[in-house]
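Engineer: Chain residues, written in single-letter form:
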Amino acid sequence: GAVVSQHPSWVICKSGTSVKIECRSLDFQATTMFWYRQFPKQSLMLMATSNEGSKATYEQGVEKDKFLINHASLTLSTLTVTSAHPEDSSFYICSARLFGTKSPNYNEQFFGPGTRLTVL
Amino acid sequence: QKEVEQNSGPLSVPEGAIASLNCTYSDRGSQSFFWYRQYSGKSPELIMSIYSNGDKEDGRFTAQLNKASQYVSLLIRDSQPSDSATYLCAVNKSGGSYIPTFGRGTSLIVHP
Numbered sequence: 001g002a003v004v005s006q007h008p009s010w011v012i013c014k015s016g017t018s019v020k021i022e023c024r025s026l027d028f029q030a031t032t033m034f035w036y037r038q039f040p041k042q043s044l045m046l047m048a049t050s051n052e053g054s055k056a057t058y059e060q061g062v063e064k065d066k067f068l069i070n071h072a073s074l075t076l077s078t079l080t081v082t083s084a085h086p087e088d089s090s091f092y093i094c095s096a097r098l099f100g101t102k103s104p105n106y107n108e109q110f111f112g113p114g115t116r117l118t119v120l
Numbered sequence: 121q122k123e124v125e126q127n128s129g130p131l132s133v134p135e136g137a138i139a140s141l142n143c144t145y146s147d148r149g150s151q152s153f154f155w156y157r158q159y160s161g162k163s164p165e166l167i168m169s170i171y172s173n174g175d176k177e178d179g180r181f182t183a184q185l186n187k188a189s190q191y192v193s194l195l196i197r198d199s200q201p202s203d204s205a206t207y208l209c210a211v212n213k214s215g216g217s218y219i220p221t222f223g224r225g226t227s228l229i230v231h232p
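Chains as they are written, first to last, in the working numbering: chain U, 1 to 120; chain V, 121 to 232.
Worth flagging that the hints you see were computed from the coordinates, not collected in a lab.
All clues stand as given, with none of them false.
Lysine-lysine pairs mimicking DSS-like chemistry, simulated, CA-CA at most 30 Å apart:
{"id": "1", "chain 1": "U", "residue 1": "K14", "chain 2": "U", "residue 2": "K66"}
{"id": "2", "chain 1": "V", "residue 1": "K162", "chain 2": "U", "residue 2": "K14"}
{"id": "3", "chain 1": "U", "residue 1": "K66", "chain 2": "U", "residue 2": "K55"}
{"id": "4", "chain 1": "U", "residue 1": "K14", "chain 2": "U", "residue 2": "K55"}
{"id": "5", "chain 1": "V", "residue 1": "K162", "chain 2": "U", "residue 2": "K66"}
{"id": "6", "chain 1": "V", "residue 1": "K162", "chain 2": "V", "residue 2": "K213"}
{"id": "7", "chain 1": "V", "residue 1": "K122", "chain 2": "U", "residue 2": "K41"}
{"id": "8", "chain 1": "U", "residue 1": "K64", "chain 2": "U", "residue 2": "K20"}
{"id": "9", "chain 1": "U", "residue 1": "K20", "chain 2": "U", "residue 2": "K66"}
{"id": "10", "chain 1": "U", "residue 1": "K66", "chain 2": "V", "residue 2": "K122"}
{"id": "11", "chain 1": "U", "residue 1": "K64", "chain 2": "V", "residue 2": "K122"}
{"id": "12", "chain 1": "U", "residue 1": "K41", "chain 2": "U", "residue 2": "K14"}
{"id": "13", "chain 1": "U", "residue 1": "K66", "chain 2": "U", "residue 2": "K41"}
{"id": "14", "chain 1": "V", "residue 1": "K213", "chain 2": "U", "residue 2": "K55"}
{"id": "15", "chain 1": "U", "residue 1": "K55", "chain 2": "U", "residue 2": "K20"}
{"id": "16", "chain 1": "V", "residue 1": "K162", "chain 2": "V", "residue 2": "K176"}
{"id": "17", "chain 1": "U", "residue 1": "K20", "chain 2": "V", "residue 2": "K162"}
{"id": "18", "chain 1": "V", "residue 1": "K213", "chain 2": "V", "residue 2": "K176"}
{"id": "19", "chain 1": "V", "residue 1": "K213", "chain 2": "U", "residue 2": "K41"}
{"id": "20", "chain 1": "V", "residue 1": "K187", "chain 2": "V", "residue 2": "K122"}
{"id": "21", "chain 1": "U", "residue 1": "K14", "chain 2": "U", "residue 2": "K64"}
{"id": "22", "chain 1": "U", "residue 1": "K66", "chain 2": "V", "residue 2": "K213"}
{"id": "23", "chain 1": "U", "residue 1": "K64", "chain 2": "V", "residue 2": "K213"}
{"id": "24", "chain 1": "V", "residue 1": "K213", "chain 2": "V", "residue 2": "K122"}
{"id": "25", "chain 1": "V", "residue 1": "K162", "chain 2": "U", "residue 2": "K55"}
{"id": "26", "chain 1": "V", "residue 1": "K176", "chain 2": "V", "residue 2": "K187"}
{"id": "27", "chain 1": "V", "residue 1": "K213", "chain 2": "V", "residue 2": "K187"}
{"id": "28", "chain 1": "U", "residue 1": "K20", "chain 2": "U", "residue 2": "K41"}
{"id": "29", "chain 1": "V", "residue 1": "K122", "chain 2": "U", "residue 2": "K55"}
{"id": "30", "chain 1": "V", "residue 1": "K176", "chain 2": "V", "residue 2": "K122"}
{"id": "31", "chain 1": "U", "residue 1": "K64", "chain 2": "U", "residue 2": "K41"}
{"id": "32", "chain 1": "V", "residue 1": "K122", "chain 2": "V", "residue 2": "K162"}
{"id": "33", "chain 1": "V", "residue 1": "K162", "chain 2": "U", "residue 2": "K64"}
{"id": "34", "chain 1": "U", "residue 1": "K41", "chain 2": "V", "residue 2": "K162"}
Given these sequences and hints, build the entire structure.
Structural biologist: Structure, rendered in structure tokens:
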């Protein structure tokens, strides 16, 4: 159980275009999904916290108008990188947190396989 | 002081040995603690979660939590080359939001 999928797994796009990444929890409902970015050999950087039916909460320094997050249901969140530039090239990873479970595994996050974005 | 601190390593251990990975955190009110394994080029995979002081064992893995010392560790017994990866410690902040904070990770190398 607790499987999270991401699509696409990799994408190459031209500078100035927009890219949408989907994150789905396949076998559980997730009240909260997180979006991370990871540059090579660096640590995970939390970009935003996404709660179903409400606006995402962005971490300091993350442009909300550039990284649009929609969490329309308990199983789907999307991240759209708008007007992508080469510096946006990175490994984007989502995670989903179990809903409503108190014990023993509450607050566990499960990560999707990630999306590798290359902007030319 | 960083919120979650880990030694970046690399920690190198021989096959069959016990690997000990350590993590300290600054938020005394933290209640949830997690260890993730991340292979190069892949996303993190949850190994263990621990919520109470003491030890929690799962197969070759043992998580140890000491809230008084704000310290959580992961022991890997009978280390295998396939355990070579970066191990991330994550701590949920107190205050109800349960926003996770990750350490920078410790690189573990298990050599044959």
